[in-house]
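Enquirer: Listed below, chain by chain, are the residues.
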Amino acid sequence: MSKVTLTVNGANRELELDTRTTLLDALREHLQLTGTKKGCDHGQCGACTVMVDGQRINSCLTLAVMHEGDEITTIEGLGTPGNLHPMQAAFVKHDGYQCGYCTPGQICSAVAVLNEIKAGIPSHVSADLTVAQQTTAAELRERMSGNICRCGAYSNILDAITEVAGGQT
Amino acid sequence: MRFDTPATTNPIDQLKIVGKPVDRIDGPLKTTGTAPYAYERHDVVPNQAYGYVVGSAIAKGRIASIDLSTAQRAPGFLAIVTADNAGRLGRGRFNTARLLGGPDIEHYHQAIALVVAETFEQARAAAQLVRVDYVRTDGMFDLAAAKDSWTPAAGLGAPADPGVGDFAGAFPTAPIQLDAAYTTPDHSHAMMEPHASIAAWEGDSLTVWTSNQMINWTVGDLAQTLGIAREKVRLISPFIGGGFGGKLFLRADALLAALGARAARRPVKVALPRPLMANNTTHRPATIQRIRIGATRDGKITAIGHESWSGDLPGGGPENAVQQTRLLYAGANRMTATRLAILDLPEGNAMRAPGEAPGLMALEIAMDEMAEKLGLDPIEFRVRNDTQVDPENPGRPFSQRQLIECLRTGAERFGWNKRNAQPGRLRDGRWLTGMGVAAGLRNNLLTTSAARVRLDHRGVVTVETDMTDIGTGSYTIIAQTAAEMMGVPLDKVVVRLGDSSFPVSAGSGGQWGANNSTAGVYAACVKLREAVAQKLGFNSADAVFGDGQVRSGNRTVSLAEAAGESGLVAEDAIEYGDLGKQYQQSTFVAHFVEVGVDVATGETHIRRMLAVCAAGRILNPKSARSQVIGAMTMGVGAALMEQLAVDKRRGFFVNHDLAGYEVPVHADIPHQEVIFLDETDPISSPMKAKGVGELGLCGVGAAVANAIYNATGIRVRDYPITLDKLLAGLPEA
Amino acid sequence: MRSFTYERASSPAEAAAAAMRTEGARFIAGGTNLLDLMKLEIETPTHLIDVNGLALDKIETTTEGGLRIGALVRNTDLAADERVRRDYGLLSRALLAGASGQLRNKATTAGNLLQRTRCPYFYDTNQPCNKRQPGSGCAAIGGFTRPLAVIGTSDACIATHPSDMAVAMRALDATVETVRSDGTVRGIPIAEFHRLPGDTPHIETTLVPGELITAVTLPKPVGGKHIYRKVRDRASYAFALVSVGAIVQRDGTGRVALGGVAHRPWRVEAADAEMPRGAKAVAERLLAGARPTDENAFKLPLVERTLGAVLAEAKG
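Residue numbers (numbering that gives the first Met the number 0), protein chains in the order written: chain A, 0 to 168; chain B, 0 to 732; chain C, 0 to 315.
FYI, nobody ran anything at the bench for these hints, they're computed from the structure. Some clues are possibly wrong.
[Stated by the list, open to error] Across the chosen pairs, the derived CB separations fall in these ranges:
| id | chain 1 | residue 1 | chain 2 | residue 2 | range |
| --- | --- | --- | --- | --- | --- |
| 1 | A | T79 | B | P20 | 22 to 28 Å |
| 2 | A | G165 | B | P151 | 55 to 61 Å |
| 3 | C | D154 | B | G414 | 52 to 58 Å |
Glycine included, C-beta positions come from ideal geometry on N, C-alpha and C.
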């Protein structure tokens with residue numbers, strides 16, 4: 000067993016966990032924050048995407064004890080049904096989901112992707128590595144590719160992110 | 000409510016709420032992570048323990064011995080379930096292999112044990128300590144090799160070898176002939192939420208929170224497998240993280256959770272580990288297909304034949320890849336045949352658009368090939384062979400058939416006239432570009448569906464039915480239906496789904512859910528309207544429901560008041576007469592695809608996609624469009640990358656996770672366009688609707704294949720069309 | 000996943016010493032590959048030494064004009080570094096072609112080099128695999144081999160190395176800096192870092208037990224056009240069928256390395272000399288002695304065609 004203190008969605012959470020517990024299972028099973036999903040548990044789908052100190056990661060491939068003192072933002076930290084985050088609202092408006100299971104990961108990723116573009120992080124499809132990246136459809140598709148949606152809502156997800164990106168510039 | 004004559008004007012036709020592209024009512028829950036999926040129900044029962052499934056390490060044979068002692072000593076260990084200690088188990092009506100194997104093993108990763116422990120980490124570790132000695136026996140794992148030992152097989156309700164006329168005589172004498180073989184591989188549903196269940200016993204009553212498309216089927220199969228009365232089983236499945244046919248049935252997670260909970264004497268939760276899913280659960284079986292088409296020189300089909308071979312475990316069924324060929328095109332002389340070989344691979348069963356998905360992947364390439372032989376545009380060839388009646392039974396018309404309109408509308412919108420009929424001629428930088436078209440058909444299936452509707456003293460309408468929402472939008476279209484029928488705004492409707500204590504619905508499968516489940520809600524609402532009218536002393540025939548009120552003559556009463564403190568409740572089902580026999584009810588689509596194929600590497604990139612659908616009344620164009628684009632995406636996967644790789648020596652699907660079994664990602668999918676033709680089908684139900692969830696998949700793969708041919712001049716008849724199949728035919732880079 | 004004890008290392012040398020003290024110890028940094036494998040009990044460490052707290056996350060300019068990349072620099076940060084983007088575009092491109100944004104945010108430079116194969120038989124503990132369980136046999140040979148190696152294989156193993164980054168590092172002549180448990184440091188040329196499978200496919204690198212990677216250094220920039228072309232079945236988030244990393248100078252000379260074809264990033268220095276003569280000549284040299292299977296023989300023409308496209312792009 001190991002003790003770990005995390006800041007989850009702004010709240011301090013002290014946990015005593017089996018050292019083997021992933022960040023994902025700490026959230027879902029111990030803190031009962033089940034918005035973060037387990038799709039594959041092996042870093043192959045992106046459903047477990049959360050933000051740690053502002054960066055998106057797959058929470059299934061990291062141990063909770065490795066995050067002592069870290070600030071974790073999950074889907075529950077972005078908005079609530081009565082007070083949606085703009086990205087959540089855009090997903091509703093554009094029907095950017097179907098079964099809903101990959102959706103929290105898609106939304107967390109989308110929020111982080113817009114920040115990554117702003118921060119000037121290049122991508123596989125950036126034509127020129129030495130200039131600032133633009134929020135193009137091709138850039139968004141490539142950057143969102145770590146979030147699989149088997150329902151195939153990609154075209155709508157892209158519309159949702161594009162709308163939010165437009166509102167930010 | 001009996002539905003045995005075509006629908007006339009009814010309250011749905013007001014289309015104040017039905018037919019509008021409203022946002023999903025469950026959207027705020029799904030986007031905030033507050034929609035509860037099966038494994039997440041910490042709220043429903045305390046003291047849940049964790050179960051972890053052990054899968055068979057061999058494909059066929061038996062367990063010689065199993066040593067549980069180390070696992071039993073592991074920290075946190077609570078219980079273990081094996082075939083040895085589970086007691087006598089039956090087998091569900093919808094299962095082929097047993098869900099708990101041992102000592103006989105029927106397929107790879109068949110569950111052979113469930114280890115229950117205090118925590119997930121402990122259960123997973125203890126499961127790894129179960130030591131099993133197997134005796135392997137030889138199996139048949141190669142469809143091509145097993146193909147010749149087939150038996151005739153019938154599809155659901157279909158004869159094995161239906162046909163009319165004299166195909167054997169007509170085909171060889173046709174002036175223009177095509178005789179070609181096509182293959183499609185095994186496909187995995189790969190839904191994002193793994194199969195998961197929480198089971199809790201209270202005395203001899205069992206409650207299972209699960210992820211399941213067909214509540215009523217699964218209640219029955221769980222009861223039958225456990226050998227208990229179905230009244231003792233309650234299933235709750237309000238949110239389902241994708242199914243695509245993979246969650247139609249009772250699977251190992253639910254059965255083993257129930258057995259584990261009995262053994263551990265406390266509630267147990269089980270999710271299938273992702274690497275176990277492809278082999279443990281069902282899949283879409285591979286097919287080998289032969290298609291023969293004979294036509295006159297002016298492009299009239301005179302003979303059409305389609306045979307399909309697939310394999311399954313003993314007692315299983317075939318992939319009905321020929322069924323659309325019985326209906327899609329005219330032609331006097333017809334034969335179709337479905338062949339089933341015994342294979343010892345995991346169990347085959349339905350995956351989205353079973354039959355049509357692989358069948359059209361083949362047939363619609365064949366039509367493209369035939370059009371080329373005839374020197375006809377592939378759209379014109381299809382138009383010339385349209386039929387408005389069932390070709391096997393010309394006295395039986397289609398209730399609606401706008402396939403030609405789908406093709407022509409799509410051609411116009413897509414810019415089909417810019418396609419170069421000569422393949423391999425267009426180039427855009429490093430890309431060879433081309434366009435493809437394919438038609439699709441998927442039948443509209445009618446099945447009884449019931450619902451209960453309550454009206455309370457606040458004027459709120461609550462709908463209860465065991466219908467499921469697997470991402471299809473059931474919550475929303477049911478709410479729209481109830482709102483339209485009762486004359487209330489959408490926010491005055493509460494929809495409760497996926498609970499076996501609710502009236503039995505059609506469930507989600509075969510794209511039958513939308514039309515049947517809303518028709519069931521329609522029927523219940525008709526009854527509720529009568530109850531309201533009766534209570535108020537109104538003549539129900541001239542009572543008008545609107546704005547939260549009911550009016551008759553000059554009297555207006557609010558629904559809240561009408562309901563009173565005790566409220567009103569009505570329950571009914573839609574039950575169909577023989578309109579389905581008198582008419583062929585189908586939905587139609589034309590798919591248009593533009594691809595670029597990298598001239599050097601053979602990588603295919605989808606540039607544009609359009610689907611034009613004719614599918615009766617579209618209850619919610621927003622969620623219906625999503626169904627279609629989702630299916631188009633799955634069709635791109637089938638065309639370009641999806642294939643369960645069979646190890647023919649060891650008898651299993653090798654690439655059994657989401658890294659190995661590749662499905663499309665964002666970067667594979669362009670903007671997708673969908674057009675729904677204006678259509679209502681009064682033959683289908685009072686809703687005048689049909690389904691679109693599977694239609695969207697029908698033909699997409701072939702449209703991609705035909706576009707690749709148009710781009711490159713390379714005709715690939717074996718899916719998926721991966722770059723290795725193109726390299727040899729590509730020009731020098 | 001088996002139980003393990005866990006400690007946070009305080010210095011590189013201390014980490015290496017701790018690894019020697021405890022049998023079955025492993026370092027953990029990003030964890031994106033190790034935890035994946037631990038869940039399946041393909042990796043079964045008894046002790047994890049978390050090195051994330053070590054100050055190995057800087058990218059510094061070396062006195063020779065090259066770059067010294069700390070072992071813990073995350074893939075995203077390395078790909079986004081201005082100097083890397085300007086002078087080592089191949090490295091940036093290779094990193095960005097790999098995995099997903101989420102994984103690149105976590106995965107480290109050292110961990111990327113140490114990724115284990117994605118051979119599906121290695122990943123399935125029911126199957127014999129000489130890499131996972133020495134001497135058990137290779138189920139891949141004669142099985143599903145489409146994604147597997149075509150060259151440098153042995154009768155014991157036909158797995159590939161899955162890294163994109165390592166292909167770029169190989170072409171850039173990187174050096175892997177390490178510290179051993181006795182505190183001694185050394186630099187291992189990347190060419191000598193990854194091993195071919197031979198009879199011991201479970202030994203994948205030339206690191207000795209307890210040895211910790213502290214940095215990867217790059218020689219000073221060589222200029223030229225930097226191109227990384229990854230060919231795969233889907234457009235993103237997939238391992239390479241083949242990949243070609245090349246640096247091409249104006250006069251057509253340069254260097255090239257391949258991914259997806261062998262147990263290590265594949266480079267044949269003699270093939271570099273053929274670059275002015277074109278893709279066919281280079282591919283022949285690179286792939287001489289290849290032993291593909293029926294299922295993966297396509298990789299040979301694919302390499303040549305991809306190389307052709309890369310050389311054409313370099314000219315254009």
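Enquirer: Are the hints correct? Go through all of them and say.
Expert: Status of each hint after checking the structure:
1. A:T79 <-> B:P20: 22 to 28 Å: holds (25 Å)
2. A:G165 <-> B:P151: 55 to 61 Å: Given about 59 Å between the Cβ atoms, the range holds.
3. C:D154 <-> B:G414: 52 to 58 Å: holds (55 Å)
Hint check: no violations occur; every hint is consistent with the structure.
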